[in-house]
Amino acid sequence: MALLRVDQLKVYYPVRSGLLRRTVDYVKAVDGLSFELQHGETYGLVGESGCGKTTAGRTMIGLIRATAGEIHLEGDRIDRLSGRALSRYRRDVQMIFQDPYSSLNPRKRVLDIIAEPLRNFERLSPQEERRKVRDFVERVGLHPDSVYKYPHEFSGGQRQRIGIARALTLNPKLIIADEPVSSLDVSVQAQVLNFMKDIQREFRLTYLLISHDLGIIRHMCDRIGIMYRGRLVEEGTRDDIFEQPQHIYARRLVAAIPNPNPRQRDAQRERRLQVEREYEQLREQSFDREGKPHPLKRLTESHSAALL
Amino acid sequence: MGQAVLQIEGLRVSFRIRGNYYSAVDGVSLAVHRNEVLAIVGESGCGKSALALSVMGLHDPVKTRLEGSVLFEGADLLALDRRELNRFRGRKIGMIFQDPQSALNPLMTAGRQIGEALDYHTTLSAAQKKRRTLELLRMVGIEEAEAVGGRYPHELSGGLRQRVMIAIAIACEPALMIADEPTTALDVTIQAQIMDLLKELQRQTGAGIMLITHDMGVVAEMADRVAVMYGGELVETADATTLFERPLHPYTRSLLKSIPSLQAPDERLHVIRGMVPPLHLMPTSGCRFQSRIDWIPVSAHEERPQLREVEPGHWVRCTCYREFALAGNDSS
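First to last, the protein sequences are chains A and B.
Residues in the first sequence are numbered consecutively from 1, following the working numbering.
Residues in the second sequence are numbered consecutively from 1, following the working numbering.
By construction, these hints were calculated from the structure, which means they are not laboratory data.
Hints may be right or wrong, so weigh each one.
Here are the simulated DMTMM-like cross-link-like pairs (lysine to aspartate or glutamate), alpha carbons at most 20 Å apart as the crow flies [to be verified]:
1) A:149 to A:116
2) A:132 to A:145
3) B:92 to B:119
4) A:197 to B:266
5) A:292 to B:187
6) B:199 to A:276
7) B:129 to B:173
8) B:199 to A:270
9) A:197 to B:267
10) B:199 to A:266
11) A:10 to A:290
12) A:108 to A:138
With the rest of the complex left out, here is chain A:
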């Protein structure tokens, strides 16, 4: 059974206007998104700004209510949960945020930041709690005594690891990471990405990695879904997506990745312009009347694309 199953998820934001703030229209941020996460894998949700990937992630963790559709965690439907069941779900799914500067409360010590989920869910004595937090802090590569420090005393990469330690305390099954390294320098980025892979093995985590950076997605993910206007346009393994993209939008996205070999610069540019011309030609037929992707069609065991 899949760990997480998202079925025809829709999130509409009302657009209000006029004296009575009546709803005149909807922004359809997520409009029919379906996919599954298997235990232990890293699934990448990638797309350009405004494609709905962040809204989708926030809905899955329960920060935003779905307008329609279903989300199942290990077979239990969780988008309509309340009370006890919701609280259990909240233990199982944790989040790593984008900006390590605004996602840690500057007035709290690291001890209180990391212990907060524990205090919400478990009744530990102060000694046990401190021991547990020190243990986590050490596992994310910081000195155990840093639990008495405040966030401003750490660098960006260290802060991101504190955020990760907080996400790990309740032994979650799924971690949703929305652009976890995009505000960090490349060498710090490398440190956090390596670290995410290490703890994935150690804690047997499943990741949903949301990013616009195709280099990071390719490096980290087993399977990838490309989103466009609230839906998937293509889904497949890393090789399917990067070696054999089928939908013109996916091909255009892959062609736009800078080629790290300066010798292939001209060839790359030529390919890019070629795909761009095709995109202009195929645009009409590649999307439905609303300009959204068609339903996904299965191409192979692992690979699907929104082709007619």
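Start from chain A and add chain B according to the hints.
Okay, now just chain B, sitting in the frame of chain A:
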């Protein structure tokens, strides 16, 4: 290589922090030639933006001390006052910034902002100005020039805003363009379009481009030559192909090895030990990268590390790259 349009000699940019001056840029010499893209790369805090801003005279004059010279068309930009500097800025030197949202005036339409640049530096009539504005918008790949010219920045997408800013930068056909992270805020497909556009404009005008970026992918796609900065100094310069195929300085090698898209998937990324020290703690003598590469014996570093030409056009600072290559130790 064409003729040099910008020649920086021994530039030192120092910021005053609690009464003491610390150098964010420490003795940088480089040249940008016609028809050339020179990329300046490094992580945050390496001094690349301080370099660009001081060349443009956009530093805070009260807290900043500048030494050295920046020669542009025979004039030393550092010695000019504001009025004289404005003869160059925006006319012969175009600027493109990272964030078009904050660089554009939100109260003016795109067309008027381009017109404003023309007002400052040319004596075109109103009709000529309009024609030139529309021409510029088309040059940067905007088909509906008339419509876009009439819109305010908030009505435009990120890609369009960046194009408008480029239109302003090229309005007076500059001989030099300084682009500070021009594509960082953009989606990858838009980034590709802007890179292609800058290259195309350069082909037409022959301008030299100084490209400030931390993105090695952008460097690989655009740069002819690359200058790598660390701790305010150049640590390595070479043409782009050489730098990517035979990087020599440990910092350059580390940087390239830490980038996901340059490694095989699933391979562990290289992590540089420690972090870039803050400005006031940066070592001022010896090899500045020394403390972060502990596998190289201290004695291998030069006492006064110099940029040295190790093969034609390929310059490296300090001798530590030799030991590094000998030891064959690429991982941390």
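Cross-check of the supplied hints:
Between residue 149 of chain A and residue 116 of chain A the CA atoms are separated by roughly 16 Å; this keeps the pair inside 20 Å, and the hint holds. In summary, the hint linking residue 132 of chain A to residue 145 of chain A is supported, as the alpha carbons are separated by about 13 Å, within the 20 Å threshold. Only pairs whose Cα atoms come within 20 Å are accepted, and residue 92 of chain B paired with residue 119 of chain B is accepted, the gap being roughly 14 Å. For the suggested pair residue 197 of chain A and residue 266 of chain B, the alpha carbons sit about 9 Å apart, so the restraint of at most 20 Å is met.
Distance restraint check for residue 292 of chain A and residue 187 of chain B: the Cα-Cα separation of roughly 19 Å lies within the 20 Å cut-off, and the hinted pair is therefore satisfied. Only pairs whose Cα atoms come within 20 Å are accepted, and residue 199 of chain B paired with residue 276 of chain A is accepted, the gap being roughly 17 Å. Distance hint between residue 129 of chain B and residue 173 of chain B is fulfilled; the C-alpha atoms sit about 14 Å from each other, no more than 20 Å. About 13 Å separates the Cα atoms of residue 199 of chain B and residue 270 of chain A, which keeps this hinted pair within 20 Å; it holds.
Proximity of residue 197 of chain A to residue 267 of chain B is assessed by CA-CA distance (about 11 Å); at most 20 Å being required, the pair is judged to hold. Under the criterion of a C-alpha separation no larger than 20 Å, the hint pairing residue 199 of chain B with residue 266 of chain A is consistent with the structure, at around 11 Å. With a CA separation close to 15 Å, the supplied pair residue 10 of chain A and residue 290 of chain A stays within the 20 Å bound. Our distance criterion of 20 Å between C-alpha atoms is met by residue 108 of chain A and residue 138 of chain A, whose separation comes to about 19 Å.
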